[in-house]
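Asks: Sequence:
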Amino acid sequence: MSVIDESGILAISTRLLRLSDQFRKDGALIYKSYDIDFEPKWFAIIYTLHHKGILGVVDLASEIGYTHPSTISLLKELEKQKLIRSKKDKNDERKRLIQLSTKGEELIVRMQPVWQLMVSVFEEITDTENNLLKAITEVEEKLKQQGFLQRALQAAAK
Numbered sequence: 028m029s030v031i032d033e034s035g036i037l038a039i040s041t042r043l044l045r046l047s048d049q050f051r052k053d054g055a056l057i058y059k060s061y062d063i064d065f066e067p068k069w070f071a072i073i074y075t076l077h078h079k080g081i082l083g084v085v086d087l088a089s090e091i092g093y094t095h096p097s098t099i100s101l102l103k104e105l106e107k108q109k110l111i112r113s114k115k116d117k118n119d120e121r122k123r124l125i126q127l128s129t130k131g132e133e134l135i136v137r138m139q140p141v142w143q144l145m146v147s148v149f150e151e152i153t154d155t156e157n158n159l160l161k162a163i164t165e166v167e168e169k170l171k172q173q174g175f176l177q178r179a180l181q182a183a184a185k
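Heads up: the sequence shown at position 71 corresponds to 98 in the working numbering, and the numbers run straight through without jumps.
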């Protein structure tokens, strides 16, 4: 067992990052094994646009929970890959609306069976006594009520 593993809750973000990196790396290999040129980091945007249709950049960033700069960076990559397209909002020329391109829609069709496989495997992996997905959801809800920093400042003031 590594020092990080032994450090318990103090290393939670390191361990979650490690877990996320493993899922992303393996996810990329799964896509590649199906001859799909797709980066797992694009998933949140592609999946959201698939379900929501057209969204403004700010709305998209809010929907996926990413910062505006991170969202813009990913959108640039996806535009370069021709998986999305953008157009100006007719009601507000400053606002850019994002949607899947024809190539992006075709990619979704190819990826859906892979997503079904991934769901099956993720369910198998997370089906534990302390279900990971349920625990993450519970923690996210607690953080919405009061963030980590606010809690730490409040605890230090006591």
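Derived by calculation from the structure, the hints in this document are not laboratory data. Watch out, some of these pointers could steer you wrong.
Pairs of lysine to aspartate or glutamate, EDC-like flavour, derived with a Cα cap of 16 Å [as the list claims (entries may be wrong)]: (1) K68 to D53; (2) K114 to D86; (3) K130 to D62; (4) K130 to D64; (5) K122 to D86; (6) K115 to D154; (7) K52 to E33; (8) K109 to E66; (9) K107 to D64; (10) K52 to D64.
This structure is a prediction, so every number in the text was calculated from the model and none was measured.
Asks: Next, verify each hint and record whether it holds.
Replies: Okay, the hints, checked on the actual structure:
| no. | hint | verdict |
| --- | --- | --- |
| 1 | K68 to D53 | holds, 12 Å |
| 2 | K114 to D86 | holds, 15 Å |
| 3 | K130 to D62 | holds, 15 Å |
| 4 | K130 to D64 | holds, 12 Å |
| 5 | K122 to D86 | holds, 10 Å |
| 6 | K115 to D154 | violated, 44 Å |
| 7 | K52 to E33 | violated, 24 Å |
| 8 | K109 to E66 | holds, 14 Å |
| 9 | K107 to D64 | holds, 13 Å |
| 10 | K52 to D64 | holds, 14 Å |
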